[in-house]
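Residue numbers for the sequence shown follow the numbering used here, beginning at 26 and rising by one.
No lab work stands behind these hints: they were computed from the structure. Just so you know, even glycine gets a beta-carbon here, dropped at the ideal spot from N, CA and C. Just so you know, not all the hints are guaranteed correct.
Pairs of lysine-lysine, DSS-like flavour, derived with a Cα cap of 27 Å [stated by the list, open to error]:
id : residue 1 : residue 2
1  : K489      : K533
2  : K716      : K285
3  : K299      : K315
Pair by pair, the computed Cβ-Cβ distance ranges are [said to hold, decoys possible]:
id : residue 1 : residue 2 : range
4  : K215      : K718      : 31 to 37 Å
5  : E443      : R414      : 40 to 46 Å
6  : T453      : K302      : 45 to 51 Å
7  : M251      : D163      : 20 to 26 Å
8  : A335      : S170      : 54 to 60 Å
9  : R734      : W229      : 51 to 57 Å
10 : A428      : E338      : 51 to 57 Å
11 : H79       : C510      : 54 to 60 Å
12 : T453      : K354      : 26 to 32 Å
13 : S524      : T453      : 34 to 40 Å
14 : E362      : R414      : 32 to 38 Å
15 : M251      : K302      : 27 to 33 Å
16 : Q465      : E237      : 55 to 61 Å
17 : K302      : K448      : 58 to 64 Å
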Amino acid sequence: MSDSDDLSEFGFIVDRISRGEVPIKNIERELICPCCKELFTHPLILPCQHSVCHKCAKELLLSRDDAVSELDSEFSNPATPVSSPRIRRLSSASVERLDRLTRTASLRRSFGRKGWKRTIHSQGITTFPCPSCKYDIDLGERGLSGLFRNFTLETIVERYRQAARAAVAIMCNLCKPPPQEATKSCMDCKASYCNECFKLHHPWGTPKAQHEYVGPTTNFRPKILMCPEHDMEKVTMYCEVCRRPVCHLCKLGGSHANHKVTSMSSAYKALKEKLSKSIGYLISKEDQVKTQILQLEHMIEQTESNGEKAKREATDLIDGLCAILEQRKMKFIKSIEDSRSSKLEKLQNQMDEYQGMLENSGLVGYAQEVLKETDQSCFVQTAKQLHIRIRMATESLKTFQPAAEPSFTEFTLDVSREEELLKELSFTNVPDAPVIDLTQSRLYDDGIICWHQPNGALPVDHYKLEYRRLDQDGNCAWESTEDVCSTSKVISNLDTNMSYIFRVKGCKNSIYSDYSKEVLFHTPPAPVLRFLFDEKCGYNSDHLILNKQRDSVESVAGLPMLLSAERIVVGSYMSLNFITGDTGVTKGKYYWAFRVELCSYLVKVGVVSDTKLQEWFHSPPDINSPRYDQDSGHDSGSEDIALEQSQPFTFVTIGMKRLFIPKGSASSSTESCKRSVSTPSRIGICLDYDKGKVNFYNADTMQCLYERRVECSGTMYPAFGLMGGGAVHLDELITLKESTKPGFFLDS
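Work out the full structure, taking the sequences as your base and the hints as a guide.
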């Protein structure tokens, strides 16, 4: 498809949106407050760009103060039911306290910022978590009054309400009873009119005829958006760093003085074009979305079917094991019953014999009767067999031996091995999903992705790493690497200034684990400048220690500094110890990253021009001279700018675990606390030689912290300055893999 076809299709989609052919329906979930779970009422835009009802924001402000006391009272009294964890409704006392605070804050604000600050901070209610992203929102001194109302969202909610209650008409506010149905609403008068009343109150030729009117509505918003920080100022600019509208006072001397801003019309045009393109893209992909929905429905059906099948198979297998156990059980029981019957029979026969030995029993009585026989021949004939029997009974008495043992030890079962096997009975041994290590992974035009197995997880045979580029089209397929036997993989030929998603899975005995949690990385805005520290450029071995690999430099406040202390007097200044990279830039755009030890006393990082550096080293300014005054005491910043322009370096300062933004010409000394951020774990620098611009980044999130112009002349090198204890470590993928040409040399 040609570019003209793309534009015509895009224009057709935009026309559909503007004509309202894309209906407002099924969007209720976008219009629900995450706090009260109802349609938004006077929504406020939080710094995290989520919205919350004005009333809910007030409740959240007091919830932290009331939470501890309320929970203590609830748990101390078991009879008191615990309230719903979703939203804690305020008591009447809390509402009264809130109203009192609001009124007091309004009065304090009329007397200046200092009183307002005391009121808010004394109550400790300036911070609460966003109900959507759980990000802690700090409202600062102005509290809720420092937030913009989301008028656009209010309008959409009102239109949705009207669509939901189409049968309920909005009545004219000026009609005599009975009122007529309104046909339009005036945004200036904030009232709704029928046709006759509108003509009556907005006659032609009067200023009211120029009022803005819309369809019937109950949502009247101001025509001009005012700045929350400067009540009487209109918002005319857009801060690209904070992504919010600002007024000219915010830019001149407020918290946005060093931020990049653009005109409101430019921001409106750019954001509207981006949003329209995104909406147009979604609409154009409607068939694709429907196909994916059908695919998801099929997957849901497959999941239900496969789940039932797996349950049946597991049940059948367990039932089979139970049947085998039942068969073995019947066999064992029959063997025990047969043995018991045999033993009982033998013991019973033996007992019967012994019963006959007793007096008055059969054998003894019979023998006594035989002894009465007087005929010798008859006696001998009978007594011979009787004697044998009695002799055997007599001998059995001397050596008594039971005919059978009552124990059944031969039928004892050893099931310990089977018990262990049954305890280990489980589904197929699927390995645990690995975890991508964000602290060790790096992404440039080449990237290294590291991962590890969860604690206690079994090792796997190999891993499979997959990644894809995240662009607006979303059509990029997953790319898969070959089997990786280690826990890291280097990815080459990545596009600059692009987001990539990575995931990894493990394989054990040909069985793959689930994918790891997908992780998003953003590549730098330019190719990587690979370099090492140059020990020949201004390097002072007395104060700096360079490791053998030349990828780490450490500043040591040791004996040389103590010896130089004899020369330190009031008014003297100590200088930095400089070191540069051994590779420079003469054209194009390049990026590099490094890590500064948090315990560092003072470190400056940036770029340096070799031509200016030559002049600086040959004729440095005498800062000990009485004529040299670094700062006259004014807050205009002109002295700082003049000094900075005379230096060959373009630096930002790092110290006390903070990164300090250089003072701009429009900044004041009162803004010093707003010119610092927490030191990122890794810092990135991007130098655009052709455009004469240098940017400083949080290398972990690729957030631009500071941008400024720089005069590029000759060769520009990465530069570092250290004072006191501290260290700088280059990223692994920034350092050179092989030796390169040496850097430039400076005369001492």
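Evaluation of the provided hints:
1. The hinted pair formed by K489 and K533 meets the criterion: a straight-line CA distance of about 12 Å does not exceed 27 Å.
2. Under the criterion of a C-alpha separation no larger than 27 Å, the hint pairing K716 with K285 is consistent with the structure, at around 17 Å.
3. Restraint check for K299 and K315: the C-alpha separation of about 24 Å stays at or below 27 Å, so the hint holds.
4. In this structure, K215 and K718 break the distance hint of 31 to 37 Å, their C-beta atoms being roughly 48 Å apart.
5. Separation of E443 from R414 is about 53 Å and departs from the stated range, judged on CB atoms against 40 to 46 Å.
6. A beta carbon spacing of about 47 Å between T453 and K302 agrees with the range 45 to 51 Å that was offered as a hint.
7. For M251 and D163, the Cβ-Cβ distance of about 22 Å falls inside the hinted range of 20 to 26 Å, so the restraint holds.
8. The given range of 54 to 60 Å is respected by A335 and S170, whose C-beta atoms sit roughly 58 Å from each other.
9. Against the hinted window of 51 to 57 Å, the Cβ-Cβ separation of R734 and W229 comes to about 55 Å, which satisfies the hint.
10. For the hinted restraint 51 to 57 Å between A428 and E338, the CB-CB distance of approximately 53 Å keeps it satisfied.
11. Checking the proposed 54 to 60 Å range against H79 and C510 shows it holds: the Cβ atoms sit about 58 Å from each other.
12. At roughly 29 Å, the beta carbons of T453 and K354 sit within the given window of 26 to 32 Å.
13. For the pair S524 and T453, the beta carbons lie near 36 Å from each other, so the given range of 34 to 40 Å is met.
14. The hint said 32 to 38 Å for the Cβ distance between E362 and R414, and at roughly 34 Å that hint holds.
15. Under the hint 27 to 33 Å, the C-beta atoms of M251 and K302, about 30 Å apart, fit the expected range.
16. Separated by about 58 Å at the C-beta atoms, Q465 and E237 satisfy the suggested range of 55 to 61 Å.
17. The beta-carbon spacing between K302 and K448, approximately 59 Å, falls within the hinted interval of 58 to 64 Å.
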